[in-house]
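*Asks:* Residues per chain, in single letters:
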Amino acid sequence: MGLSKHIRSFVDARFDTETAEHFINKQVHKRLPPHTGWLHVFGSLSLLLYLSQTITGILLLIYYRPTPEAAHKSIQYITAEVNFGWLYRQVHAWGATLMILAVVLHMTRTYFFGAYKKPRELTWVTGVIIFIVTITFGFTGYLLPWNQIAFWATTVGTESANQIPVIGEWLRYFLRGGDAVTGETLSRFFVVHVIILPWILTGLIAVHLFLMRATNLATLEKVGEEKPLQPDQGIPFFPVHVAKEGVVAVLLLAGLVTLSVVAPWEIGEPANPLATPAHIKPEWYFLPSYQLLKYFEGPHGAFIGILACSLPFALLLFWPFMDRGKHRHPKKRPVAVGVGLVAVLAALFLGVLGHLSETDRTVFGRTYHFDLLGRPHQVTPSSDLSQRKHAE
Amino acid sequence: MNKRMNAMEKQPTRRGFLDWLIGLCSVVTGAALTVPGLLYLWPAARGGASEDVEVPNASGLAPGQSAILQVRGKAVIVVREQTGFTAISAVCTHLGCLVKWDGSRKEFLCPCHAAVFDKNGAVVSGPAPAPLPTYRVKEVDGKVYVSVA
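Sequence order for the protein chains is S and E. Here the first sequence is numbered in this note's numbering, starting from 1 and rising by one per residue. Here the second sequence is numbered in this note's numbering, starting from 1 and rising by one per residue.
Here chain E stands alone, though its shape is the one from the complex (with noise of 0.2 Å):
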């Protein structure tokens, strides 16, 4: 008898079945009304293809002297040196302040932390991870153009 009703009580039921649907329609439910306001959230796109950004009074800037710019919303400092410019980025790589250009000892010197970096981007001593990255500079016609990929 208890082997029959046990048997009978395994069986699937239609009160089961519409009780599991109920759930998988909730659980769908849910997951179509959460994943379109999740990806609402995500940051949209902005910038497109990479663009050379002028130099504003590039020409002003003497040898040793930096100057910072917006690229594409990315803070870069151009330097002009005895052989031409470069670009680098400002923001350290540590926790994302902007380094300033000593003309004098030809170091990146972080305000917050202390990190310094060469001219290059390598770094010097301080806790940066990581060096600066570089970008792409041309001169064209007297004027500086940088490019941030």
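Pulled out of the complex, with its shape left as it was, chain S reads as follows (with noise of 0.2 Å):
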């Protein structure tokens, strides 16, 4: 008898090793409606992520050190001294953006198909918490290199909760640990993304993918009309789904590599508390609200502004209580692709904006510059940039 025959009789003689078999057995040979192709790789494609960063993120604990002193010559230290230690940063800032990207792209296909609808509501519910708390990660993570970048988006995203009445203020000193962003804020944040983030997200995820299997993919059926798939019905999660998904891993993963050779994250300068640079930007996914926010002035216009960033978060998490409608087919729902596709377009015309506003572009021999506000003016040789910058 091998060494293998012998663990599974030791095994079956003290557990009900045939209830769990047949339960493993019937997730992988279910069927998955005929619909599902790649779009439906990006669930899978965002765990794989999340798995990715969980490995890195433990790689690089391992030499990282939360402290203002410590924290951005660490980084140096893996980067340049660490056998490897510059891929595994690399693949760790890039995964946790491809990580965003992934779950934008797995609750857009979602919405478009009216997979949310019941009895998917919940699956639909954590998804969106799951997004939230992997922008949080993001927000986090991201000042962990104690750079100058990272300290002054620190400094303006924490301040954002200074301008919500009442408890701003007190929000903000409890987020910073201070009155601004010290080695305070540093451990704060550290705790958070590599302690607390990670077991919530952990949690939600096992939520999320119970709720999964137990409701199954949607049909493009109408609600409360979905026929059980049968064994000759639709595609098979094994191996046919399953090999589109080791595809998707196989290039991801290759992806990680050039992106981390090709493309690599500076590690930038230390923080200085005394000197914010000019321009400062977020990340991609900020640049919406980061925009958003510039078009509310006056004595409440932040906190309008920052009403106004939360207002999608809030719709999504509520929209499948609100679309009641029967129909998942997308072209028998022209009302919510439309405000699907607005929402979409809105957040990408922002995001464009954001990204241009205040730098000059050379669009075929012409110069502009793109205000605050991301309006383009036309350079003339005359007119000089501070002047311009003034009379914004």
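Watch out, some of these pointers could steer you wrong.
[Said to hold, decoys possible] Taking beta-carbon pairs under 10 Å as the criterion, some of the chain E residues facing chain S (in silico):
{"id": "1", "residue": "41"}
{"id": "2", "residue": "90"}
{"id": "3", "residue": "97"}
{"id": "4", "residue": "99"}
{"id": "5", "residue": "114"}
[Unchecked claim] To spell it out: a stretch of chain E is covered by chain S in this simulated footprint if at least three of its residues, at any positions, have a beta carbon under 8 Å from a beta carbon of chain S; those stretches are:
{"id": "6", "stretch": "67-74"}
{"id": "7", "stretch": "126-138"}
[What the hints assert, rightly or not] Simulated crosslink set (EDC-like; lysine to aspartate or glutamate; CA at most 20 Å straight-line):
{"id": "8", "chain 1": "E", "residue 1": "74", "chain 2": "S", "residue 2": "360"}
{"id": "9", "chain 1": "E", "residue 1": "74", "chain 2": "S", "residue 2": "184"}
{"id": "10", "chain 1": "E", "residue 1": "74", "chain 2": "S", "residue 2": "169"}
Just so you know, the hints here were simulated from the structure itself, not pulled from any lab data. Using N, Cα and C, we set each Cβ at its ideal position, and we do this for glycine too.
Hey, can you piece these two chains together into the complex? The hints should help.
*Replies:* What follows is the structure in structure tokens.
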């Protein structure tokens, strides 16, 4: 009797393995709806990135030091001295941005295919919370290198909390661990990033996957008219869909390593609490909010701006309970699809404006200065940059 | 018969009382564990009473020039004018970036969202919702001190 058989008989004598085996077989041989295709791989892609972030995060933790004096130096040490440290740092940084992209694409697919409708409302809600937690991961992790851009992006981000009436000042003080961004803030963000959020995300993913398997993937049939898939219907989860996910996983790993080599993230200058760099901008996923905030001025402008930035998240959270239509097929949901398209285009438009704002760009031989609000102004040879800026 | 049974059901029972007591104890225990945890997370106050902090090399500043320093954790800009020194918070009231002094225009400019303040901290243009706070400055024996309340 081989070792594996010995182990098997040992486990069989103590646990009800037959039930577990039956459960696993049932899940593996489940049939997926006929429309399941390449657009359905973003969920598992997000999961893969979560695993990659966990592994690379643990590896980085071995050498990272969360103090203002040592944080930036430890990142330099990881990059320059530790074997393959540069690779793990880059894969972690690129993995963070790709994970947010994968979650956004997964949500977009779910939205347009109407998969959030009954009985999958809670799967959607846990998904939106996962999205918010993923963004919070990005925000807290961003500070850890303790460089200029990280320090000031965190200053602006936490200052936003101050605009909330009544509790704003209290909240900012609590988030920063004091009046300003200091070592106390770094400690707090570090703990949230490496201990609290990972456990929350792990729990949320477990619930999300359980709900997803319990209610199966959504078909394109109307709510209440979904029929269970027979063994000869739809697409087999294994091996057909798993093979697609495998292909995407390999491409992702190749992409992560390629991006790490050809487009490495800069370490940047160490944080200087007495000098704000010019034109600091947040990461791409915060650009729409960053740009939107600029349009609200006056005594309560920032607060109204923060409300405007929070509204899409609230809408996402409650959308399954607002859109009560029975249809799932995108062609039969013109209003929901229209709202979704407008939201995606608005986010892209604001993001592009945010990216272009306060820069000079040459288009077809003409140079334009994009002002604070993203409006282009043609630069003439006589115009002076400082004058233009001041005119804004 | 039914009335009598209903009356018996409504009467307090030992089991019901114990259930209620266990529930109460759970809430009290939970609160007793949570409150210290929340208080622990609240940042410990630092700094103490207001004190005067010397501006390094203040005598080296020409009229119209400025220096930035931290006073009790707050960024402060000290500007030398013809008549003396002024101290003003460097923290933009919009979203917390540090403003810069433009000596030629006699204005403070925020590099993040282009808020502009005059030399007294009043908002000139841009998204800032409030003026920059000013601080007390005093000169003693040729040295300049700033005090942040």
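*Asks:* Check each numbered hint against the structure and report the violated ones by number, ascending.
*Replies:* 8
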